[in-house]
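Chains H and G supply the protein sequences, listed in that same order.
In terms of our numbering, the first sequence has 252 at position 252, counting the first letter as 1, and numbering is strictly consecutive.
In terms of our numbering, the second sequence has 74 at position 74, counting the first letter as 1, and numbering is strictly consecutive.
Don't read these hints as lab results, they were simulated from the structure.
One or more hints might be untrue.
In silico PhoX-like links for lysine-lysine, alpha-carbon gap of 25 Å or less [claimed, not checked]:
{"no.": "1", "chain 1": "G", "residue 1": "Lys-123", "chain 2": "H", "residue 2": "Lys-193"}
{"no.": "2", "chain 1": "G", "residue 1": "Lys-3", "chain 2": "G", "residue 2": "Lys-91"}
{"no.": "3", "chain 1": "H", "residue 1": "Lys-225", "chain 2": "H", "residue 2": "Lys-77"}
{"no.": "4", "chain 1": "H", "residue 1": "Lys-47", "chain 2": "H", "residue 2": "Lys-70"}
{"no.": "5", "chain 1": "G", "residue 1": "Lys-123", "chain 2": "H", "residue 2": "Lys-245"}
{"no.": "6", "chain 1": "H", "residue 1": "Lys-190", "chain 2": "G", "residue 2": "Lys-123"}
A few chain G residues that don't get close to chain H, going by computed Cβ distances all over 10 Å [claimed, not checked]:
{"no.": "7", "residue": "Leu-21"}
{"no.": "8", "residue": "Arg-53"}
{"no.": "9", "residue": "Thr-72"}
{"no.": "10", "residue": "Ala-113"}
{"no.": "11", "residue": "Lys-159"}
Each residue gets a CB set at the ideal place from its N, CA and C atoms; glycine is no exception.
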Amino acid sequence: MALIGFSLSDRNKLTWPEQFVKDTTGWVQTLVSRPAHFVVGFVDNVKALKDTYEENKELKAKLEENAQLKYQVQGLKKDVQALQETLEEKESLSDYTLMKATVIRRNPSQWTELVTINRGENDGVEKNMAVITSAGLIGKIKSVAPNTATVQLLSSEDPANRISAFIQPKDEEENKDKTDVFGIIADYDKETKQLIMTWEEVPNGLKVEKGQLVTTSGMGGVFPKDLAIGTVEKVEPDENGLQKKVFIKPAADFYDIEHVMVVDREALSPEEDEQ
Amino acid sequence: MRKVLIGCLISFMFILESVFLELLPTDLFGGNLIFVPYFLLITILFFSVYGNRNVGVIYGFVFGLLFDIVYTEILGIYFFAFPFIIYIFNKLMKIFHSNIVVVSVMCLLAVSALEIIVYQVIKVINLTTIDFANFLHLRLFPSLGLNLIFIVIVAYPYKRLFEKYAAELKE
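With the hints as constraints, model all of the structure from the sequences given.
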């Protein structure tokens, strides 16, 4: 009982025996999980060979689009730089660097959705950093040992797992004068596998509809701006009618995770512990 | 020699639970069922029946603590639950004949008991909002199915291995 209380208390660091055990088991598990992944990966590859032709066609079409996008992005980047220089502002909320990591284990009891990655304090990972896959945000760092770190996924039902997010307007041309809708993602619905965001409806004509994109707001302190979270699935008033519940279909798959990236926000914030 | 082998086997099961989960296809049966592997507990339960009860309870303590540190990060739940379940299981097995089918069924009961105990604790410390009915059909029943398959595969080899260990110990 005392132990449960101790581990639930809001502690910032793991004790050293915990760190040691985590690192050692992490090392052994890397040894086991790598070959296992290799074998399963091989079987998947053989399956994937069948669809290669179709996929190739699609990819070629996309490649052409991509080339165009690349030029556009380059142009935009230059614009942003020029603007930042004129404003004498070096860092923005959306500046960050990425660090690649591999998942080495997952909590089998699945009550708290935790995965462990093979990067730790020695690689510069810190508590509360955001973790993403190529599809979108999956969670944040919960605890750090010297060579491993534990990630709490968004699908965890921990009430302390909150993320400040906003919903972007659907049609940019039409809604130019409308600002984004801010809210906090605090819950996860296990049955439908959707995130739940509460949002206080203010009578200024903002509307949330199905299909709108949801991203991080960068306001919480450690998360950078504009990491993809998902798309709006439906909107409901909550039990007491004061707030709206927005159901969000996550962009990333929380179950099939192997390679992830840890986001290191460059703009240093003094209130790092606020998250 | 067999002692080391059994230690290795149990450690391997400890790791296998996590690896198994990573490799489990995600869209199985509609995708919202939760499958919880209890390979570690089942291995220790078989060991405590056919091998040595006291050593089994000690394994329960050690791996319960490891489980808490490494996987759940909430110290105390499995550290308490594993040895408790193993001890009660062995008390009950004294009443029944230790037939392999009886042991297997009792193993499933032990898994359910562990699931329900942990569910209650998690509910009390407010880490889940899932209600009991949903817990039963989203989590408990799928997990029992998965662990039944595991028991069917390993029951006979485990029985032979642990009985040989017990015989070696007596000599």
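- Hints the structure fails to honour: 4, 7, 9
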